[in-house]
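The lines below spell out each chain.
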Amino acid sequence: MTRRQQLKNTFHERRVYRHRVTVSILILLTMTTIVVARYSQLQISDYDIYKTQSDRNRIQLLPIAPKRGLIFDRNGMLLAENIPSYTLTVVKERVQSLDDTLAIINEIIPLSDDDIEQFRKRLSRRRPYEAVPLKFRVSDEDIAKLAVNRHRVPGVEIDAQLVRHYPEGELFAHMLGYVGRIGEREVDVIDPVNYSGTHYIGKIGLEKYYEELLHGTVGYQNVESNAHGRILRVLERHDPLPGGDIKLNVDAYVQRVAYDALEGQRGAIVAMDPHTGGVIAMVSAPGYDTNLFVNGISSTDYNALQNDPDLPLYNRTLQGQYPPASTIKPIWGLAGLHYGVITPTTRIYDPGWFSLPDDSRRYRDWKRGGHGSSINLEDAVVESCDVYFYELAYKLGIDRLHNFGIRFGLGNATGIDNTNERSGLMPSREWKEQSRGGHWYPGETINVGIGQGFMLATPLQLAVATSVIASRGELRAPRLLASVGDVPVVAPLMGKMEDVSSANWDAITRSMEQVVNSARGTGRGLKAGLTYRMAAKSGTAQVVGIAAGEKYDSSALHARNRDHALFIAFAPADDPKIAVAVVIENGEHGGSVAGPAARKVIDAYLLGKPKDSVPETENSQDAVAALAGAENHE
Amino acid sequence: MNNSDFLRQMPGDSRSMGNQRSISQRLRIDIPLLILLLILSGVGLAVLYSASDGSMAAVLRQGRFLSVAFVVMILVAQLHPEQLQRWAPFAYIGVLLLLLAVDFVGVGAKGAQRWLGVGGFRFQPSELAKLVLPMAVAWYLSIHPLPPGFRHTLISLLLIFLPTILIVMQPDLGTSILIATSGIFVLFLSGISWTFIASCMGLLALMAYPMWEFVLHDYQRQRILTLLNPELDKLGAGWNIIQSKTAIGSGGFEGKGWMLGTQSHLDFLPESHTDFIIAVLAEEFGLRGVLLLLLLYGLIISRGLWIASQAKHCFGRLLGGSIILTFFVYVFVNMGMVSGLLPVVGVPLPLVSQGGTSLVSLLVGFGVLMGICADERLVHQ
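Residue numbers (my numbering), protein chains in the order written: chain A, -12 to 621; chain B, -3 to 377.
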């Protein structure tokens, strides 16, 4: 290759190179345009989309649970509160050696193997900056001990959380019910927004009935967090609206007296104000500690409650359906007077049995040989003469009994502000045909005459019916709730019996007073030391069958087959302030077993706390608690 | 004569250039290109400071890398193109051996063997290949008359293919494509026929399917699929692209402000110091910032192409042109992959992304380029 050629080639090479560079520059410009177009698309056209996306990345809405409303009794005593529950937590990223830290904690607060195992399981699921619970429900003492040693265990913290607490768990168990962790069933029904920060919900009783009121409204905060979910700062905060504090008509002292009166027994006592419908006391015995349920009850505890033959979980006041037995007699007496079937002076002969015309079957009186030859209405109520009411019921007929009975709230749920109420049974022809598919037989009317047969009533219904007698015809839905904040709640009036003459009310009230005052009265044992006028009626119900849903221990069958003792009363008879119904299962004698319980409750309400037994304490709540203790020692 | 030539190319710079010419001449460096590279490095440090959440340590570390790299650049600029041309074949063989060594005794990281340990010091032979491959091709082509015939073209392609396939096997698809590209640029600039170029492109299109099926690794296929639809894998492979697009898009035209980018500062943006640093810049400085950065790259590439075209010998021209075009490809691939135009192949943004190795190999390239330029001026004098 000559030098000339070389030079020529060099010239040619340069020309080709320049050409290729020009082409390259065009390609470069095209590619740059693509990049610019792409960035313009992202940053200009789709700016809004990505701006939103970027904000959604970093800003999170965190719910703040509202504080649950408190529950007080009528005197301001706290029945349900929120107490801080302390949890020992460990933040992994701030701990140098996990094993050493656990060992030090174990010196201060003993940890079980289970605690540590559960902790390690939780630790593996959480992020290193998150506080992982190590031990729940740490005592104040342990917290103090830990505080002293805090410098030794960096990254270990105490986390306080508000948890529902019932200071008188057992006493108000059935009335208040309890809250528990929100379960699968509730998740479907609750408002997902309002409950987004809430872990607990009313499961039963008042806690469930007034859930909406007690819960409050959720608050929220906008927080900025990073990609790992760590919260860096709060951008905005809307405080939650706390749940309403509610005050009950219930008097904790009377409740305590009623509960103690049932000590060792299975039964129920309901006391209410006949003029307002306010429930003064409502106990079902035995009770149980509702606090066990708040953080999830252990299966051991739950099985113990579930298998207890005394059925502590069973709310006898609202769910127990018992034959009203003789406690129904004043009402049937009033019906007889009202319908003109009898007068206060109508007398019958009681040979100890009654039989229907053209029927040889004998309906026996509880008293062998009968109550004698000249029994009027008052005698019949005072001595609880069955034959008188057999005859009266026969004369009234089931239709009039039914119509009159339901005006006292029998056969229908009372509408109390609580859960799981049952409606009892006030039988009628219609009911018989629908549920049993048969005719109503006259003999069935005779049983209704003494509150047996098909008739069933809950203790609450008996208290309501007693209130109707006491208030002379005012049927009210019983109310536990007295006021929300400062707003009073009035029990709705369901009916008023203005057609019943006051002479008839007088007659029936007088006869009920004689139950206590008369030397022949079934409640004569209550007369001693009575400082007010009391009207009452005892009842002893045959245990023919057990109300549905109950299972009794067969080995104890004999004891459990005894009659139920019932008692209704109101006082003062001339200006009723309290109406009470007592049912003691297998108590056998209404007047002598259930009666004294009713007297105690009425005394407690009308006479107040015995002054001399109240120890001087600074705190009124302590006073009640101390008093309750004192009562136990008597 | 040289002066007037220079004036024609860069009007307005004559006075300053005139003053500094003697210094630049002695150091064999191109002052405008150096200034542009320093400005770009400064921008990179500013963005890195923000991307590392205000960590001065990270900036100082990168600053040390930069100092070393610039010193290396000036040292490399002292080499004459003739020397490089002489060494090219030996360097090529050496790199091939090193690449083979990597495939057999290399050190792994993230499922790929890319490193070679030498007495406690690790380095990537593929970084060397970035410069040595175009050198070798330019050497081979420049010893034969240009434009190359079919035979020389095929041999050149073989020279490109050998190191490329070794790097593919590491596996490092991104780097292998970039290295192959740098060789192909030499071929393209040498003036191979358009017919040949067109046939090669046709063949590539035909080979696309077998490549997909038999050559690409699962994770590489995944990257391409994820690119096409990032929503397929929102928390996995798609996460990076979704977050980087969000960072870029949410910057808007004006940007969120320096140190105020939420995507990067709250750790939503992965690899924010390294491959994805452009997203930090785009988020904090907006489209304005992106355009200014592109302008800076544009000036560097223009200056580089001008330097290359001034080279007297065709070896310098081909090598210089390839270096600067490859530089552009880095910018394009990085900006394209971060914005979701291209699959994520692990290409850093030149002089902005954190990392020492790629920095050194880039500035070595610019050193070679400056050496070519200085050689040209000496010849003129």
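Since the hints were made in silico from the structure, they are not lab data. One should not assume that every hint holds.
[What the hints assert, rightly or not] Derived coverage of chain A by chain B (criterion: at least 3 residues anywhere in the stretch with Cβ under 8 Å from a Cβ of chain B; other residues may be distant):
#: 1; stretch: 12 to 21
#: 2; stretch: 29 to 41
#: 3; stretch: 442 to 453
[As the list claims (entries may be wrong)] Here are the simulated distance ranges between beta carbons:
#: 4; chain 1: A; residue 1: Gly170; chain 2: B; residue 2: Leu256; range: 43 to 49 Å
#: 5; chain 1: B; residue 1: Glu209; chain 2: A; residue 2: Gly170; range: 22 to 28 Å
#: 6; chain 1: B; residue 1: Val211; chain 2: A; residue 2: Gln28; range: 42 to 48 Å
#: 7; chain 1: A; residue 1: Val174; chain 2: B; residue 2: Asp99; range: 56 to 62 Å
#: 8; chain 1: B; residue 1: Asp99; chain 2: A; residue 2: Asp42; range: 44 to 50 Å
#: 9; chain 1: A; residue 1: Arg224; chain 2: B; residue 2: Asp99; range: 25 to 31 Å
#: 10; chain 1: A; residue 1: Ile12; chain 2: B; residue 2: Pro266; range: 58 to 64 Å
#: 11; chain 1: A; residue 1: Gly170; chain 2: B; residue 2: Pro266; range: 27 to 33 Å
#: 12; chain 1: B; residue 1: Leu56; chain 2: A; residue 2: Thr20; range: 52 to 58 Å
Remember, it's a predicted structure, so these values are computed and weren't measured experimentally. Here a beta-carbon is modelled for each residue, glycine too, at the ideal position from N, C-alpha and C.
Of the hints given before, which are not true for this structure?
3, 5, 6, 9, 10, 11 and 12
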